[in-house]
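Visitor: Keeping their order, the protein sequence lines are chains A and B. Per this note's numbering, numbering of the first sequence is gapless, rising by one per residue and ending at 351. Per this note's numbering, numbering of the second sequence is gapless, rising by one per residue and ending at 351.
Please keep in mind that the hints were generated in silico from the structure rather than gathered at the bench. It cannot be assumed that every hint is accurate.
[To be verified] Result set (BS3-like, lysine-lysine): computed pairs, CA atoms no more than 25 angstroms apart in a straight line:
(1) A:Lys255 / A:Lys317
(2) A:Lys255 / B:Lys293
(3) B:Lys67 / B:Lys21
(4) B:Lys67 / B:Lys106
(5) A:Lys169 / B:Lys255
(6) A:Lys67 / A:Lys106
(7) A:Lys99 / B:Lys13
(8) A:Lys255 / B:Lys21
(9) B:Lys194 / B:Lys320
(10) B:Lys194 / B:Lys317
(11) A:Lys206 / B:Lys334
(12) A:Lys105 / B:Lys106
[Said to hold, decoys possible] Quick partial rundown of chain B residues pointing at chain A, CB under 7 angstroms, derived from the structure:
(13) Ala30
(14) Ile70
(15) Ile72
(16) Trp111
(17) Pro172
(18) Leu176
(19) Lys227
(20) Ile241
(21) Met242
(22) Glu249
(23) Gly273
(24) Thr276
(25) Leu278
(26) Leu319
[Claimed, not checked] If we take Cβ atoms under 8 angstroms as the criterion, some of the chain B residues that face chain A in the derived model are:
(27) Ala166
(28) Gln170
(29) Gly291
(30) Val306
(31) Val330
(32) Trp347
Just so it is clear, CB atoms sit at the ideal spot from N, CA and C, and this is done for glycine as well.
Number of protein chains: 2
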Amino acid sequence: MESVCVDWRVLQKFTSEVFEKLGMAPEDAALEAEVLVWANLSGIDSHGVLRIPWYVELVERALMNPKPNIRILRETPSVLMVEGDRAFGPVVTVFAMDKVITKAKKTGIGWAVLRNITHQGALGYYTLMATRRNAVGIAIVCSPPNMAPFGARAPGVHNSPISIAAPAKQHPPLVLDMATSIAAGGKIRLARDKGSPIPQGWALDKNGEPTTDPNLASILLPFGGPKGSGLAMMFECLTGIMAGNPLQEPILSGKKKQREHNQNGVVAAIDIGTFTDLEIYRQTVDGYIEGVKSLPRTEGFSEILVPGELERITYEKRLKNGIPLPRGTVENLKETARKLNVALPEWLRDN
Amino acid sequence: MESVCVDWRVLQKFTSEVFEKLGMAPEDAALEAEVLVWANLSGIDSHGVLRIPWYVELVERALMNPKPNIRILRETPSVLMVEGDRAFGPVVTVFAMDKVITKAKKTGIGWAVLRNITHQGALGYYTLMATRRNAVGIAIVCSPPNMAPFGARAPGVHNSPISIAAPAKQHPPLVLDMATSIAAGGKIRLARDKGSPIPQGWALDKNGEPTTDPNLASILLPFGGPKGSGLAMMFECLTGIMAGNPLQEPILSGKKKQREHNQNGVVAAIDIGTFTDLEIYRQTVDGYIEGVKSLPRTEGFSEILVPGELERITYEKRLKNGIPLPRGTVENLKETARKLNVALPEWLRDN
Chain A
1 MESVCVDWRV LQKFTSEVFE KLGMAPEDAA LEAEVLVWAN LSGIDSHGVL RIPWYVELVE
61 RALMNPKPNI RILRETPSVL MVEGDRAFGP VVTVFAMDKV ITKAKKTGIG WAVLRNITHQ
121 GALGYYTLMA TRRNAVGIAI VCSPPNMAPF GARAPGVHNS PISIAAPAKQ HPPLVLDMAT
181 SIAAGGKIRL ARDKGSPIPQ GWALDKNGEP TTDPNLASIL LPFGGPKGSG LAMMFECLTG
241 IMAGNPLQEP ILSGKKKQRE HNQNGVVAAI DIGTFTDLEI YRQTVDGYIE GVKSLPRTEG
301 FSEILVPGEL ERITYEKRLK NGIPLPRGTV ENLKETARKL NVALPEWLRD N
Chain B
1 MESVCVDWRV LQKFTSEVFE KLGMAPEDAA LEAEVLVWAN LSGIDSHGVL RIPWYVELVE
61 RALMNPKPNI RILRETPSVL MVEGDRAFGP VVTVFAMDKV ITKAKKTGIG WAVLRNITHQ
121 GALGYYTLMA TRRNAVGIAI VCSPPNMAPF GARAPGVHNS PISIAAPAKQ HPPLVLDMAT
181 SIAAGGKIRL ARDKGSPIPQ GWALDKNGEP TTDPNLASIL LPFGGPKGSG LAMMFECLTG
241 IMAGNPLQEP ILSGKKKQRE HNQNGVVAAI DIGTFTDLEI YRQTVDGYIE GVKSLPRTEG
301 FSEILVPGEL ERITYEKRLK NGIPLPRGTV ENLKETARKL NVALPEWLRD N
């Protein structure tokens, strides 16, 4: 059997139990599970439950903190800087996104620098929070180097993703969520779990040679050459260096020998009503979506998709029909459940 | 003779005279000339003086306004919205960038939406303003559709560029300035002036067919497929739709028949000192630059360049040796000078 199909509620309950066993507060565990399963529902499997075994390992190595002391270090009416104390990404990011939306309602914009956090999952979850409160959401995140800068054959930047989301009226919100690499690192993990090769041009092996074997893939490549590479460098200037917790420079300069998981990010919200009429804004986004979708198509395209549309279609489908998990992911989750003494749910027992 | 080499001061004086003849206030004409010649000095010839004849045409068609009534429509301690009254881009953008830097010094961030402006030239000029006052600068701009969304064979988005700049200490600032198309539209204008073909994959002709002839190139293509296309859509949501002056939707929906030049933009500044120690920030950017540059190189690369570095090298060189202008550009400028009764300077008389 190639994959197992699981109901999202069942998967979310299991995921939440795993994180409670790791020592997280029940509400934090529930939030973490919601963000991961949201990614799976949306078809962003690379940022879904396949990350669980890695998170467990990071908690064991004290690189992810299930009981963080999250603090606001700096604050003005429009900005804040949050010390994440290595919190699970969703826990600190939802907290900060909520704050910046509230600030945006007062001053037009809220901008938070998140310091010393860990894996956030799919950024679209957070920027969509802003759209529900009639703001445009922005999120950027950086981790230690995993991508070769344009012209290099060794890691020097992170394939930092950016997400931007804007609300429509009749249509679901537009939500872009893209890495600065040709392919997100999670897509390579997924290829490993599926046992399938990756396309040429996605990655280099640890010696800087091109590879199509996901097990040898070690260094990601930027999209658009200097464009993806340049955006990634600038994102580190907006996140890690701004947070006083740089993640590239200490590795590159040799101050830090070991690359270990850590993240810094930005979440921001821009309040639409501060600038323009909200209803007209939302209607115009509707018209924009409809206009783009009705353009004449290039050969081979049966439909023109706008940012977030494919994920939304998958979301609706999987909400009804369940989430397909590849065999490799199921095996890894079973092992994790046993290790943590989480009772094996039926779908894990029988598969 | 393939090109003419002109001293930057001579070129800037001529350019300023052209704009004064168009009715601009002397200080506005000088600023416009400075921004254009800065682009030429930096090697961004696509955004330099080759644009002058087009600007003259736009003024004649009342699409660019040499005597604008620039007004602030909305303002909070952190944001503002500026009505540009079809001002020349640099005039309104320098005004707004100055404001957002001042706001950033008080609240950590300043974010301006620029409404109803015209061509800004190279965005790096503005984001570098922020670095000189110890802030990170961001600029985004959108015009009417000139790029095919991913999967389409007709224009539906603009190849909106983004610039981000951050200050270093010993090194020049990092400054990224990139379009969301594979190649900036100005690069195609430059190929026209040079009489050289463009690479396959840059553009489609007006019927949506691929072309390498810069004279037939009519529709740009996004970089990274859905990535460039998606960024462009989201940038319109942050600029035109936010400004209540959408530039894509009215064309796509047929509300507006004619695509005519207009722009909306965002400029923003994030004050470094609000978040972290400024000296450490600048030193870390230095270390980051040095670290990236000293990575092992891919075959065929003699050097790894960081964002803005190539432009800076060209700037230093052209400051000393002059700016080479292709024959086509010189002819066009000569014609413009005659039309506007600007005394032909020696370099235009003799070439």
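Visitor: Each hint needs a verdict: does it hold in this structure or not?
Guide: Outcome of the hint check:
Using a Cα cut-off of 25 angstroms, the hinted pair lysine 255 of chain A and lysine 317 of chain A is violated, with the two alpha carbons roughly 48 angstroms apart. Taken as a hint, the lysine 255 of chain A and lysine 293 of chain B pair is honoured in the structure, with Cα atoms around 17 angstroms apart against an allowance of 25 angstroms. With a C-alpha separation of about 12 angstroms, the suggested pairing of lysine 67 of chain B with lysine 21 of chain B holds against the 25 angstroms cut-off. In summary, the hint linking lysine 67 of chain B to lysine 106 of chain B is not supported, as the alpha carbons are separated by about 32 angstroms, beyond the 25 angstroms threshold.
Using a Cα cut-off of 25 angstroms, the hinted pair lysine 169 of chain A and lysine 255 of chain B holds, with the two alpha carbons roughly 19 angstroms apart. A C-alpha spacing of about 32 angstroms is found between lysine 67 of chain A and lysine 106 of chain A, which places the hinted pair above 25 angstroms, so the restraint is violated. Straight-line distance between C-alpha atoms of lysine 99 of chain A and lysine 13 of chain B comes to about 50 angstroms, which puts the hinted pair past the 25 angstroms bound. Annotation: proposed proximity of lysine 255 of chain A to lysine 21 of chain B is violated, straight-line Cα distance about 58 angstroms (limit 25 angstroms).
At roughly 23 angstroms between alpha-carbon atoms, lysine 194 of chain B and lysine 320 of chain B fall within 25 angstroms of each other, so this suggested pair holds. This hinted pair checks out: lysine 194 of chain B and lysine 317 of chain B have alpha carbons roughly 21 angstroms apart, not beyond 25 angstroms. The suggested pairing of lysine 206 of chain A with lysine 334 of chain B is violated, with an alpha-carbon distance near 56 angstroms, which exceeds 25 angstroms. The suggested pairing of lysine 105 of chain A with lysine 106 of chain B holds, with an alpha-carbon distance near 18 angstroms, which does not exceed 25 angstroms.
At its closest, the beta carbon of alanine 30 of chain B sits 30 angstroms from a beta carbon of chain A; the interface hint therefore is violated under the 7 angstroms criterion. Contact between isoleucine 70 of chain B and chain A, as hinted, is not supported at the beta carbon level, the nearest pair being about 17 angstroms apart and thus beyond 7 angstroms. A distance limit of 7 angstroms between C-beta atoms decides the matter here; for isoleucine 72 of chain B the minimum to chain A is near 12 angstroms, and the interface restraint is violated. Checking tryptophan 111 of chain B against chain A: minimum C-beta separation of about 5 angstroms stays under 7 angstroms; hint holds.
About 14 angstroms separates the beta-carbon of proline 172 of chain B from the nearest beta-carbon of chain A, more than 7 angstroms, and the hint is not met. This hint holds: leucine 176 of chain B has a C-beta 4 angstroms from the nearest C-beta of chain A, less than the 7 angstroms allowed. Residue-level restraint check for lysine 227 of chain B holds (minimum Cβ-Cβ distance to chain A is 5 angstroms; threshold 7 angstroms). Annotation: isoleucine 241 of chain B was flagged as interfacial toward chain A, and the flag holds, the nearest CB pair being 5 angstroms apart, inside 7 angstroms.
A distance limit of 7 angstroms between C-beta atoms decides the matter here; for methionine 242 of chain B the minimum to chain A is near 5 angstroms, and the interface restraint holds. Among the interface hints, the one on glutamate 249 of chain B holds; its C-beta lies about 4 angstroms from the nearest C-beta in chain A, closer than the 7 angstroms criterion. Given hint, glycine 273 of chain B at the interface with chain A, is violated; its Cβ is 10 angstroms from that chain's nearest Cβ, farther than 7 angstroms. The interface hint given for threonine 276 of chain B is met, as the beta carbon of that residue sits about 4 angstroms from the closest beta carbon of chain A, less than 7 angstroms.
Interface restraint check for leucine 278 of chain B: the shortest CB-CB distance to chain A comes to about 11 angstroms, outside 7 angstroms, so the restraint is violated. Taken as an interface hint, leucine 319 of chain B does not check out: its beta carbon lies about 23 angstroms from the nearest beta carbon of chain A, beyond 7 angstroms. A cut of 8 angstroms between beta carbons decides the hint on alanine 166 of chain B: the least distance to chain A is about 4 angstroms, and the hint holds. About 14 angstroms separates the beta-carbon of glutamine 170 of chain B from the nearest beta-carbon of chain A, more than 8 angstroms, and the hint is not met.
A distance limit of 8 angstroms between C-beta atoms decides the matter here; for glycine 291 of chain B the minimum to chain A is near 3 angstroms, and the interface restraint holds. Hint on valine 306 of chain B holds. Least Cβ distance to chain A is approximately 7 angstroms, under the 8 angstroms limit. Given hint, valine 330 of chain B at the interface with chain A, is violated; its Cβ is 30 angstroms from that chain's nearest Cβ, farther than 8 angstroms. Checking tryptophan 347 of chain B against chain A: minimum C-beta separation of about 33 angstroms lies over 8 angstroms; hint violated.
Checked against the numbered hints above, the structure breaks hints 1, 4, 6, 7, 8, 11, 13, 14, 15, 17, 23, 25, 26, 28, 31, 32 and satisfies the rest.
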